[in-house]
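Quick note on numbering: the sequence shown equals residues 1 to 817 in our numbering.
None of these hints come from the bench; they were simulated from the model. These numbers were taken from a predicted model, which means no experiment stands behind them. Treat the hints with care, since some could be wrong.
[Claimed, not checked] SDA-like, lysine to any residue: derived pairs with alpha carbons at most 25 Å apart:
#	residue 1	residue 2
1	Lys275	Glu123
2	Lys797	Ala787
3	Lys404	Val690
4	Lys368	Gln748
5	Lys319	Tyr466
6	Lys67	Ala7
7	Lys210	Gln232
8	Lys554	Tyr498
9	Lys233	Asn469
10	Lys554	Asn469
11	Lys275	Leu244
12	Lys210	Lys275
13	Lys362	Glu756
[Claimed, not checked] Label pairs and their computed distance ranges (CB to CB):
#	residue 1	residue 2	range
14	Thr707	Thr325	47 to 53 Å
15	Ile813	Arg256	32 to 38 Å
16	Tyr258	Pro721	54 to 60 Å
17	Ala200	Arg612	36 to 42 Å
18	Asp306	Gln749	50 to 56 Å
19	Gly468	Gly408	44 to 50 Å
20	Pro692	Leu734	36 to 42 Å
21	Ile711	Lys362	45 to 51 Å
22	Cys508	Arg437	17 to 23 Å
23	Gly635	Thr369	24 to 30 Å
24	Glu622	Arg595	22 to 28 Å
Quick reminder that beta carbons are idealized off the backbone N, C-alpha and C, glycines included.
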Amino acid sequence: MDYLQPAIKSHYRILTSSDLGDEGTTAVFLLSEEQDLVITDPVQVALLTQIDGNRDLQSLYEQLDGKITIEAIADALEELDFAGILTERDGEMGRWEKERVRDYRLVLPPTPESPSDRYISIETIGLSNEITQTFANVLQENAIAVCSDPVGIIPDHKNFSASGASSVPASVTRDVQPDTISDPLLRVVIVNDYLADELAVINQQALASKTPWLLVKPVGAILWIGPLFEPQKTACWECLAQRLRGNRPVREYLQRHYQLKEIQGNIDSDLPSSKYLAASLTADAIAKWLHWGENPAVGNNIVTFDSRSLTIENHPVTKRPQCPTCGVETDTGRRGRGDAGTRGRGDGENWYHNTDGHPPLKLQPRCKTCFSNNGHRIASPEQLLQRLTPYISPISGVIRSFAKFDSGDDAPVHTYISRHEFRCLFDDLSLLQDNLRGRSAGKGTTDVQAKASAFCEAIERYCGVYQGNEPTRRDRYRELGELAILPNHCLLFSEHQYQNREQLNRDCIHYFQYIPEPFDPEQAIDWTPVWSLTEKRSKWLPTAYCYHGYPVTKPAYCWADTNGTSAGNAIEEAIFQGMMELVERDAVAIWWYNRLRMPGVDLDSFAHPYIRHLQEYFDHLERDVWVLDVSHDLGIPVFVALSRRRNAPAEDILFGAGAHLDPQIAILRSLTEVNQSLPAVSVYDGNCTVYPPIQTDSDRAVLSWWTTATIANQPYLLPHPHHPQKQARDYPQLWSEDILEDIQWCQQQIERAGLELLVLDQTRPDIDLNVVKVIIPGLRHFWRRLAWGRLYEVPVKLNLQQTTLTESALNPIPLFL
1 MDYLQPAIKS
11 HYRILTSSDL
21 GDEGTTAVFL
31 LSEEQDLVIT
41 DPVQVALLTQ
51 IDGNRDLQSL
61 YEQLDGKITI
71 EAIADALEEL
81 DFAGILTERD
91 GEMGRWEKER
101 VRDYRLVLPP
111 TPESPSDRYI
121 SIETIGLSNE
131 ITQTFANVLQ
141 ENAIAVCSDP
151 VGIIPDHKNF
161 SASGASSVPA
171 SVTRDVQPDT
181 ISDPLLRVVI
191 VNDYLADELA
201 VINQQALASK
211 TPWLLVKPVG
221 AILWIGPLFE
231 PQKTACWECL
241 AQRLRGNRPV
251 REYLQRHYQL
261 KEIQGNIDSD
271 LPSSKYLAAS
281 LTADAIAKWL
291 HWGENPAVGN
301 NIVTFDSRSL
311 TIENHPVTKR
321 PQCPTCGVET
331 DTGRRGRGDA
341 GTRGRGDGEN
351 WYHNTDGHPP
361 LKLQPRCKTC
371 FSNNGHRIAS
381 PEQLLQRLTP
391 YISPISGVIR
401 SFAKFDSGDD
411 APVHTYISRH
421 EFRCLFDDLS
431 LLQDNLRGRS
441 AGKGTTDVQA
451 KASAFCEAIE
461 RYCGVYQGNE
471 PTRRDRYREL
481 GELAILPNHC
491 LLFSEHQYQN
501 REQLNRDCIH
511 YFQYIPEPFD
521 PEQAIDWTPV
531 WSLTEKRSKW
541 LPTAYCYHGY
551 PVTKPAYCWA
561 DTNGTSAGNA
571 IEEAIFQGMM
581 ELVERDAVAI
591 WWYNRLRMPG
601 VDLDSFAHPY
611 IRHLQEYFDH
621 LERDVWVLDV
631 SHDLGIPVFV
641 ALSRRRNAPA
651 EDILFGAGAH
661 LDPQIAILRS
671 LTEVNQSLPA
681 VSVYDGNCTV
691 YPPIQTDSDR
701 AVLSWWTTAT
711 IANQPYLLPH
721 PHHPQKQARD
731 YPQLWSEDIL
741 EDIQWCQQQI
751 ERAGLELLVL
761 DQTRPDIDLN
771 VVKVIIPGLR
781 HFWRRLAWGR
791 LYEVPVKLNL
801 QQTTLTESAL
811 NPIPLFL
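All chains should be built: construct the whole structure from the sequences, respecting the hints.
Here is the structure:
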């Protein structure tokens, strides 16, 4: 870094603990129009409160009372500079003038082609009067005429032609009272933030009067034009706001924790030319809408223009059938839609209509058309991506960003990460940083498979977050009788864990190790209906177990996890994938906590070119790679792939798991899951691994494993020394040509083990993908949940152990995947 006197770049607004009135917080928040950052490194936090553009390195050292070494300060400055936060001070920031709502009506004298009851209103929120005059002038230059005596009913705008309008000079009439004139032909609302509180009121007014309105942000480095909201035709502002809030996790966190009303970043640039350009683009959009009666460029779409790179991007806006403001009102008071809302269910009944139970799942035969290395599907990854691409946008998307891990041109490693909204009961800084970094990853043997996988996982998470319109029933456990399922039948915490939860929770380093309060059956709670494929009837599970971010009263008795949640092109496809995940994690838990020695797999016997290529690549990295068969009593192939560094004391052991009726697919899934972690341990300086910065609790958990675990102190990671390796010929064909037949075969295996198969349809009406949560009470997550059951019984049943272990004899290391 070459800055003599570093300063924080002017487009960042900085919020410190004193700004938030919370001296206990350990973070600094940096907000801008493009991205929001959370800094938790103690040295960087200390520096950010002192950097003002007037202090050099020595001055910063003295200002911090010498508590931090100059070397540590220099390193922290380098990291802040690399993150794009610092610059050399270059004058004072421009003054930001702000006014709240002002209302302006652009009025032109009438002409024969412009009836006397037409006008366009211009309203500003949080901006100066100057912008209104700029927009008025540009609209006048484009001959967008309106009437000087606006009374009566607005005619159909499709019959109004901008080409015939008068170009008489415009005047701006201020403070016109809305109740003295008719509704405008179009309201143009100019803002500096698309989530301004006043927009909710404008949206309600527009829906009530059926008045179209256009939203514009003409300030900042990135200009926003649209959408043009047309009541009963397009999405409404609340449809957009739901997505916008989900794509601003830092600001939503600050609002939840500090009740800040207005949280905006600094404007990167505020040039007159940018305002004029925004006004010109707005006038062009309005003229086309007036002339043609529609304008797809801004109908259900936001157009952004980056004034720095001169690039234009489109951000589709989805009309949400379940929107609480503009969605279809159902007979139960819920919002939803009838046809698309039941996509793939085959029952013709709207899920959002039903509060008495889960609609029956009438599964259909689904002939497989795509047999890829990543699974059997009814559509190709390419077809899936084409359908889901509109859901990617940092403004209006379900997925705000999407990126590939760079592993080199020749690396057979294909891994993507997606960032999206996710909420959890544990709403802390560590979870926030996990969300910013990326909650979902996708892998595959090809680039397109990995991309489709990351898409689906992100949408799974989105659909599994509690939105408030889910069917629920508030009751006590006993009032539901045998139809209710106790949460611990799914959680499977032991009595010892419950009794010692306070101490165990103090010692754990990540929320996936937390132990809840024991469930009180006398407490009235919300229950969610699920469908039992085993008993062919609706049953009930606690809503807190079914949906992430459900506002359960603390202390919590349970919370949701992603185990068994899956997406698919049809509900059958999603159910099958969810079943495979549950079986996989149950088998992995039994292997891990019992530290079983399981047979290895002869990878060469499968003669798969990708496996051979991956083995060569790992060998190039000085890493061993091998696979264990950890299949158990359910008869479904389950594998664990592992890899270790062989040229250093810290072995950086990685592992991944996979399950499928086709053993080759299960093995490939386990190997590609190893690939997801590979970038974090791939940098080696000749002496040791150079790990990424530790930012979250999950980072600390996995780093502890990488730096301490070896095959010598964890021998169960190696193949059984006395069992021959499994060959490809050892595995019979279990899968069929139809996904429904595969589900039915697996269901038989599950029920023979005395287990029940439950499904919760989490498909959302605004998403063109089926999502389910499959639940099999008794199957165990691979997190540390140690209640009596299959964890102890299956190893003895399969003669893998002579006697059952006690809880204290189980593997003390919590599995951290």
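_Restraint status (C-alpha distance of Lys210 to Gln232 at most 25 Å)_ = holds (8 Å)
_Given the hinted pair Lys319 and Tyr466, is their Cα-Cα distance within 25 Å?_
Cα-Cα ~19 Å, so holds.
_Check whether the Cα positions of Lys554 and Asn469 lie no farther apart than 25 Å._
holds (22 Å)
*Could you say whether the range 45 to 51 Å given as a hint is met by the Cβ separation of Ile711 and Lys362?*
holds (50 Å)
*Could you tell me whether the CB distance from Pro692 to Leu734 stays inside 36 to 42 Å?*
Holds: the Cβ-Cβ distance is about 40 Å, inside 36 to 42 Å.
*asked:* What's the verdict on Lys797 and Ala787, does the C-alpha distance respect the 25 Å limit or exceed it?
replied: holds (17 Å)
*asked:* Taking the Cβ atom of Tyr258 and the Cβ atom of Pro721, is their distance within the range 54 to 60 Å?
replied: Cβ of Tyr258 to Cβ of Pro721: about 58 Å, so the range 54 to 60 Å holds.
*Has the given pair, Lys275 with Glu123, been kept, meaning a C-alpha gap of at most 25 Å?*
Holds, at about 15 Å.
*asked:* Between the alpha carbons of Lys275 and Leu244, is the straight-line distance 25 Å or under?
replied: Holds, because 23 Å separates the two Cα atoms, which is no more than 25 Å.
*asked:* Within 22 to 28 Å: is that where the Cβ-Cβ distance between Glu622 and Arg595 falls?
replied: Check passed, 27 Å falls within 22 to 28 Å.
*Holds or violated: Lys554 to Tyr498, with C-alpha atoms at most 25 Å apart*: With Cα atoms ~16 Å apart, Lys554 and Tyr498 stay inside 25 Å; holds.
*When you take the CB atoms of Ala200 and Arg612, is the distance between them in 36 to 42 Å?*
Violated, since Ala200 and Arg612 (Cβ atoms, about 59 Å apart) do not stay within the stated range.
Hint compliance for this structure: hints 12 and 17 are not met, and every other hint is.
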